[in-house]
Amino acid sequence: MKSSIFQNSKNVFLDTVNAKDYIQLDRVSTIYQSLKDSVKKPLKMILLYGKPGTGKSMFLTKIYHDLSTLQMVHLYNTPILDESEFFKTLAQDLLNVKYKGELNFTQFMKIMNESFIDEIPLVLLDEAQLYSPALMEKIRLLSDTRKVKFVIALHKTEKEDLIAKEHFQTRIWESIELENASSAELKIYIQKKLMKANCFDAANMFQNKSVNLIHKITKGNYRDTNKLLYSLFDIYTWYEENNPVKINKSLVSHKIIEMSAIHTGLINA
Amino acid sequence: MLNIHELESKWLNYKIKSYIPHAVIIISILIIFIIVLTILEYSSYIDSNNQVPEQEKTSVIVLEKKVEPTTKELNTTQDKNLSLATISLEDIDKVIEQMYLKQEHLAQSNKLKEKKIVLSPSLEFMNSMHDNALPYYEEDKKAQVKTQKSTNTDQANKQATSKNEAPEKTKIKETVQVDSIEIKRQNTREDIQSVIKRFKKSNNPILSLFVAKKYYEIGEYNMSYNYSLITNELNNNIEASWIIFTKSLVKLNKKEMAVKTLQQYVEHSQSNQAKLLLDEITSGKFK
Numbered sequence: 000m001k002s003s004i005f006q007n008s009k010n011v012f013l014d015t016v017n018a019k020d021y022i023q024l025d026r027v028s029t030i031y032q033s034l035k036d037s038v039k040k041p042l043k044m045i046l047l048y049g050k051p052g053t054g055k056s057m058f059l060t061k062i063y064h065d066l067s068t069l070q071m072v073h074l075y076n077t078p079i080l081d082e083s084e085f086f087k088t089l090a091q092d093l094l095n096v097k098y099k100g101e102l103n104f105t106q107f108m109k110i111m112n113e114s115f116i117d118e119i120p121l122v123l124l125d126e127a128q129l130y131s132p133a134l135m136e137k138i139r140l141l142s143d144t145r146k147v148k149f150v151i152a153l154h155k156t157e158k159e160d161l162i163a164k165e166h167f168q169t170r171i172w173e174s175i176e177l178e179n180a181s182s183a184e185l186k187i188y189i190q191k192k193l194m195k196a197n198c199f200d201a202a203n204m205f206q207n208k209s210v211n212l213i214h215k216i217t218k219g220n221y222r223d224t225n226k227l228l229y230s231l232f233d234i235y236t237w238y239e240e241n242n243p244v245k246i247n248k249s250l251v252s253h254k255i256i257e258m259s260a261i262h263t264g265l266i267n268a
Numbered sequence: 000m001l002n003i004h005e006l007e008s009k010w011l012n013y014k015i016k017s018y019i020p021h022a023v024i025i026i027s028i029l030i031i032f033i034i035v036l037t038i039l040e041y042s043s044y045i046d047s048n049n050q051v052p053e054q055e056k057t058s059v060i061v062l063e064k065k066v067e068p069t070t071k072e073l074n075t076t077q078d079k080n081l082s083l084a085t086i087s088l089e090d091i092d093k094v095i096e097q098m099y100l101k102q103e104h105l106a107q108s109n110k111l112k113e114k115k116i117v118l119s120p121s122l123e124f125m126n127s128m129h130d131n132a133l134p135y136y137e138e139d140k141k142a143q144v145k146t147q148k149s150t151n152t153d154q155a156n157k158q159a160t161s162k163n164e165a166p167e168k169t170k171i172k173e174t175v176q177v178d179s180i181e182i183k184r185q186n187t188r189e190d191i192q193s194v195i196k197r198f199k200k201s202n203n204p205i206l207s208l209f210v211a212k213k214y215y216e217i218g219e220y221n222m223s224y225n226y227s228l229i230t231n232e233l234n235n236n237i238e239a240s241w242i243i244f245t246k247s248l249v250k251l252n253k254k255e256m257a258v259k260t261l262q263q264y265v266e267h268s269q270s271n272q273a274k275l276l277l278d279e280i281t282s283g284k285f286k
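Respectively, the protein sequence lines represent chains A and B. First residue of the first sequence: 0, per numbering that gives the first Met the number 0; consecutive thereafter. First residue of the second sequence: 0, per numbering that gives the first Met the number 0; consecutive thereafter.
Among the hints, erroneous ones may be present.
Claimed, not checked - Listed below are several chain B residues computed to face chain A (Cβ distance under 10 Å; list not exhaustive):
(1) L1
(2) E7
(3) W10
(4) N12
(5) Y13
(6) K14
(7) K16
(8) I19
Read the hints as simulated data drawn from the structure, not as lab findings. Even glycine gets a Cβ: it sits at the ideal position worked out from N, Cα and C.
All chains, please: the whole structure from these sequences, using the hints.
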């Protein structure tokens, strides 16, 4: 069966974190450049924070993808909540030492001090708000040794703000906040994403009015936008197969935007 | 799996819900607008109800005012008209000029009065003055009575032999001259023609009224009817023109028409003089 433009467009907005899907936006690229510059500085820690869906994971993936060829970088997308497991993973990744038994913080620090590392490795920790305060304190002590550099990404909530203040305030040299996209940025984001997948007709369907409505519904959140547009193209695909008279292929229908928002739960109908 | 039909119905519900606040706002604005409109209309209705009687009152006052100066003026002109028979053509011209000037002056003063009348609360004294004013045709009668008296006194004087009555004899001679009007009637005809010429130039209702009166005096009731009608067309507030008009009608054996027109005028003007004339016509005193 021949795949339609809507089917292809739908797959573009699958919620996956892939460095290839990274979309260069003016503001985001500026932030990305500043993060890359900060990594080169002799900083102990870099804090990357923002609301869920603002692109923190994508940022870390992108920087991991870009720097992995240049220096030692380790990305932990999923938090390792067990303390022993965390240090064992770090030992294996940083020192190439495999421990079978328990490895506590004291033992790991001893190993780190004894080992000789040419280049300070960069450890990227995503969803850092899930780590326990005790483990976060140990990560702080670890960064104080200047043997490891950390980029910590966490959600910006009151609780996470406290973590940031209490544990990292004095040690953080760089703090970067990611925000939701504006309406104009969202339009560029959608169109670039579609054009990257050669869905030019679908990209042309998004005019200012329809993007404004999408922005109103998603508040510029990239994850919500992806969800909404996936659902939108899913509905378009259905109409194309079952009732093609009802759809206009030159302009995104506000009705279908709202229907997809209802379907994804962004609108409470 | 997408259930589009369910999604569509959900969307429809969502749309209806989203329009409810707008609809409520629009309806409430409309209700407020209607309430404000009705309040305004009601207030304007009350105002108009309050204003109408005041306007009626003022109009009545204005009418009374308009009638009053004409009667006064007519009284003055009547006084002069009584002696017109013995006045020369130059005198008549002078009198007419004076009348014309007075008319203009009165018209101006009337306009000013009309403007001021709206503010004056009561003009009852005008009615009382009007009641006290001597009617035109009564003065005619008085003049006749005077002449009768003078003839009576003439007869009495013929019988009397005392020297003190000599001045009265000279008066009698004068009245005799007055009786020999036939010669002077020709003069009045000429006078009337000259006045008619002046009237044709100026279209002054005073002149046409004068002509109507003159024609009535010399017994040409058709002409007096015509000129009083012309006067009425030019200015229908001159009471004397109405009187002459009805009198002429009576004289032309059109009593019913005279009564009708006079009744209408009385209803309109509430003129006492007209009322008296109407009574006299209906009772048959005036023939």
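Checked hints:
1. L1: Holds: closest Cβ of chain A sits about 5 Å from B/L1, inside 10 Å.
2. E7: holds (7 Å)
3. W10: holds (5 Å)
4. N12: Constraint on B/N12 satisfied, holds at 6 Å.
5. Y13: B/Y13 check passes; min Cβ-Cβ to chain A is 4 Å, inside 10 Å.
6. K14: holds (8 Å)
7. K16: With a closest approach of 8 Å, the B/K16 hint holds.
8. I19: violated (13 Å)
Comparing the model with each numbered hint stated earlier shows that hint 8 is the single one that does not hold.
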